[in-house]
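Peer 1: Model the full assembly from the supplied sequences, consistent with the hints where possible.
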Amino acid sequence: MATPKKGRNASAQSKPGRSLALILIAIAALTGGMFASGHTTPRLGIDLAGGTSITLRAVPEAGNESAINKTNMDTAVSIMERRVNGLGVQEAEVQTQGRDNIIVNIPKGTNSEQARKQVGTTAKLYFRPVIATEVSGGGAAKPSPSPTGSPTGKPSGKATERPEVTDKGSASPSASPTTQGRAVTDALKASPTPSASASDQAKASPSASASGGTGADDPGKLQERYAKLDCTDPKTRSSVGDGVKASQSTLACGKNSGGQWQKYILGPAEVDGTDVDKAQATLNTQTGAGWTVQMDFTNGGAKKFGAITGKLAQNQPPQNQFAIVLDGDVVSDPSVRQALTGGNAEISGNFTQQSAQELANMLSYGALPLTFKVDSMNTVTAALGGDQLQAGLIAGAIGLALVVIYLLLYYRGLSFIAILSLLVSAALTYTLMSLLGPAIGFALNLPAVCGAIVAIGITADSFIVYFERVRDEIREGRSLRPAVERAWPRARRTILVSDFVSFLAAAVLFIVTVGKVQGFAFTLGLTTLLDVVVVFLFTKPLLTLMARRPFFANGHKWSGLDPKSLGAQPPLRRTRRPSAPIETKEA
Amino acid sequence: MSKLGTLGARLHRGEIGYDFVKNRRIWYGLSILITITAIVGLAVRGLNMGIEFQGGAVFNTPKNTSVSVLKAEEYAEEASGHDAIVQKLGDGSLRIQVAGIDTGAASKIKASLADDFEIDPEQINAELVGPSWGEQIANKAWQGLGIFMVLVVIYLAIAFEWRMAVAAFVALIHDITITVGIYALVGFEVTPGTVIGLLTILGYSLYDTVVVFDSLKEQTKDITKQTRWTYSDVANRSINSTLVRSINTTVVALLPVAGLLFIGGGVLGAGMLNDISLSLFVGLAAGAYSSIFIATPLVADLKEREPQMKALKKRVLAKRAQQEETSRPEAADEAYAGEPGDAAAAVVGPRNQPASRSRGRGRPSGKRR
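For the protein sequence lines, the chains are A and Y, in the order given.
Okay, so the first sequence: first residue is 1364 according to this note's numbering, each after it adds one.
Okay, so the second sequence: first residue is 432 according to this note's numbering, each after it adds one.
Careful, some of the hints might be misleading.
Stated by the list, open to error - Straight-line alpha carbon distances no greater than 30 angstroms define the calculated DSS-like cross-link-like pairs of lysine-lysine that follow: (1) A:1433 / Y:648; (2) Y:571 / A:1641; (3) A:1433 / A:1378; (4) A:1667 / A:1618; (5) Y:750 / Y:652; (6) Y:745 / A:1433; (7) A:1471 / Y:648; (8) Y:453 / Y:502; (9) Y:744 / Y:648; (10) A:1471 / Y:453; (11) A:1736 / Y:750; (12) Y:750 / A:1471; (13) Y:648 / Y:453; (14) Y:494 / Y:541; (15) A:1433 / Y:453; (16) Y:494 / A:1736; (17) Y:750 / Y:494; (18) A:1736 / Y:502; (19) Y:750 / Y:648.
What the hints contain is simulated information worked out from the structure, not anything from laboratory work.
Peer 2: Take a look at the structure:
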């Protein structure tokens, strides 16, 4: 260490102490973080630790009893699977039971209330035209909120904050300032500006709804209920849209961009969730609209959507808006400036990445004609008995002990480096898995445990490849230190090439698949990365350091690097000896 | 160990070695035989899909059932002849899931269970359950697998060459077929754990093949610049020189899995562990075997068809014939075994390359690089 090697490729190898320190600090930090967060064991999957079982009963829409069928139930299962499993590492299980039940099993330690909410909202999605809307500020009768509301609302700002639907295909009108479309949209944008504040909209609404009460069963009564509706009351909110058919006008609540509750009178549904083919959140950097949600409609949906937007675009605000209603809540109420016939649309507003993705998710997977009621919630024990886990652990430990014995016999002194590397790898894996439990809901199930056991083989292989290279170099008559350095580039290439294949498998499976396969891919990717990290930052530097110890460098019989027992070629050793002093000077 | 150590040294020097490439027909034959057995087993017996894939029946016992989970599992498996998953619910009732049951069989099992539990059959609630590993998960898994296969073949074709990509692909199919076939023959139930195990094998099989190919690629770099060895010879040496690594890695990877399978599954009787560890054990062993006995000889076979390699073979054979003429006792085989001290310095054999290079350098100047 005292004499820096000038000629050598001066990468991390030249400073073995530094890499070792780095990885030890990393272990210490991860362990510290693990104890600080209080999650000292990995979260176990439902097969190992049990969890909570939620039974849901499907409730068909009024007058649509046939909606409970195998196809719809299977769709519901995959939607719930998707929601409750998010990243695929949560290890939740979803299955149908009987004709109209769905069971959701979530592992212990998951927020079961949140999971219940995730599966309980089944996403019945409708696009309804807005007939009237106003802020529901804890009592619409009070005059004070609206005056205070309008100044803070900043007329111009308010107008731009309103979500807008634009045609994705036509590269969004605002991006083409020379066309006529721009003028039209500008005009439309300009005129609502003064009236965009909440109080003004409210004023406009009564007359609007009176004239435009299309298909409302009882416009007068709806109007009356609308006046009384207080969206800040959660109880009112949850019951406001109950029992309303898609073809009826309805009342609804939703949060506006300012975080206030807004109440709506909505016309009959024109387009519903089944018409959306897929939706995704995208960051629109072209127009500076920030996070937006892009929707692709099915053929039928595109026609319907074109028709409704064509109609709405001619209306005055707020009737140029339509509301995207999910399970009775208005999740977005974009305004329309022109007929959108391209079969796709973009919803812009002040979305964050998360809210855009949530909406996209709901649009993508919200096409169900069923609602679900939570029937029961119950704890369940592990599907695999505790004795099985124990048996597995004992068996695994015996297997590991055999590995250690084998390495000791074969590699002797060198095996300590191998065993230490395995320990470092195990420590990193364990702490990371423990920390990933609370962070992304990672849960360890039995297949993952077995995967980790196979990972021992792959990790060990990396240093077996390296050790064998070093021994080959010694057999060719090199002394240990140059052998360690010369063997490294070749071993490194082998390790990187082969680990890349494993990582490729992990990455592809993680991106493409869902559910348990995704969870597996995550574990595989993690262990592969750790393998590379451990070999580069621990095994190699440690071997470099150890090569300086006389025990190894002089080829002690128990070092595992004894040239004689390795069968280094005598003639070569003879020729090498004279050059030895030169070598040490150089190194 | 010392014996193993010298074995490594002798393998390294090429003093001893098994001619994998020459005897490849035997191993091809063996593999084809096993594969056919596997396929026949698969076709005749089919796979025994678990409840997670095909659904089945669920029996809910009344609250505070006194039977233990373990006992219930036994009863249920006895009554149905299938693997059962038993879970205890918070209120003390049991949920027993059994695969592959239709309505008729369900009522029979229900009666038998009620008998075992000593409760009224009416109190057991039987229903059909759907698969938790739905079609969507399966379809996406296939899709992911397809994409991965295409990408990995492209990657191997670029990083190595297309012949190696083909050989690695054949070896992979070989491993998967054997493992799946064993499942069909043994009749173990296929669970999500099995599928995960299969995917693990897929990764491992490729990994192992790539390690062997990497050494092959390195040793055949300058193969056309010499006339002593054919491609098959070099491929064979490459396998032999990485043999110690292959053995060590396989032992280290197999020992823990063997522990799970034989001690955990066999002695301690952890049923579910059997499923996964069996697929891992068979797959890992097949993966290690196929990299050496199938993939590399296959590359050699494909390579020897190349005009360049054919020409090389011709030159090598001509040279060997010539040598045989000049010195009778020296058989061609011995020449192939090749002692590095040979004076024919113009011929740079792959195995001796580093040695002769370093000697050449070491002698005149003492400079190492």
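Peer 1: Given the hint that residue 1736 of chain A pairs with residue 502 of chain Y, does the C-alpha gap stay at or below 30 angstroms?
Peer 2: Roughly 34 angstroms between the alpha carbons, so the hint for residue 1736 of chain A and residue 502 of chain Y is violated.
Peer 1: Would you check the hint for residue 745 of chain Y and residue 1433 of chain A, treating anything up to 30 angstroms between C-alpha atoms as holding?
Peer 2: 67 angstroms, violated
Peer 1: Does residue 750 of chain Y lie within 30 angstroms of residue 1736 of chain A when you go C-alpha to C-alpha?
Peer 2: This hinted pair is violated, its Cα atoms lying about 84 angstroms apart.
Peer 1: Would you check the hint for residue 750 of chain Y and residue 648 of chain Y, treating anything up to 30 angstroms between C-alpha atoms as holding?
Peer 2: 24 angstroms, holds
Peer 1: Within a Cα-Cα threshold of 30 angstroms, do residue 453 of chain Y and residue 502 of chain Y meet the stated pairing?
Peer 2: 57 angstroms, violated
Peer 1: Is the hinted pair residue 750 of chain Y and residue 1471 of chain A satisfied, with a Cα-Cα distance of at most 30 angstroms?
Peer 2: Distance of about 72 angstroms is beyond 30 angstroms: violated.
Peer 1: Tell me if the straight-line CA distance from residue 1471 of chain A to residue 453 of chain Y falls inside 30 angstroms.
Peer 2: 57 angstroms, violated
Peer 1: With the threshold set at 30 angstroms, check whether the alpha-carbon distance from residue 750 of chain Y to residue 494 of chain Y stays at or below it.
Peer 2: Violated. Residue 750 of chain Y to residue 494 of chain Y sits at ~87 angstroms, over the 30 angstroms cutoff.
Peer 1: For the pair supplied as a hint, residue 571 of chain Y and residue 1641 of chain A, confirm whether the alpha-carbon distance does not exceed 30 angstroms.
Peer 2: With Cα atoms ~17 angstroms apart, residue 571 of chain Y and residue 1641 of chain A stay inside 30 angstroms; holds.
Peer 1: Does residue 1667 of chain A pair with residue 1618 of chain A here, judged by a C-alpha cut-off of 30 angstroms?
Peer 2: 26 angstroms, holds
Peer 1: Has the given pair, residue 1433 of chain A with residue 453 of chain Y, been kept, meaning a C-alpha gap of at most 30 angstroms?
Peer 2: Roughly 58 angstroms separates the two Cα atoms, so the pair is violated.
Peer 1: CA of residue 750 of chain Y to CA of residue 652 of chain Y, is that 30 angstroms or under?
Peer 2: Answer holds: residue 750 of chain Y to residue 652 of chain Y is near 21 angstroms, not above 30 angstroms.
Hint compliance for this structure: hints 1, 3, 6, 7, 8, 10, 11, 12, 15, 17, 18 are broken, all remaining hints hold.
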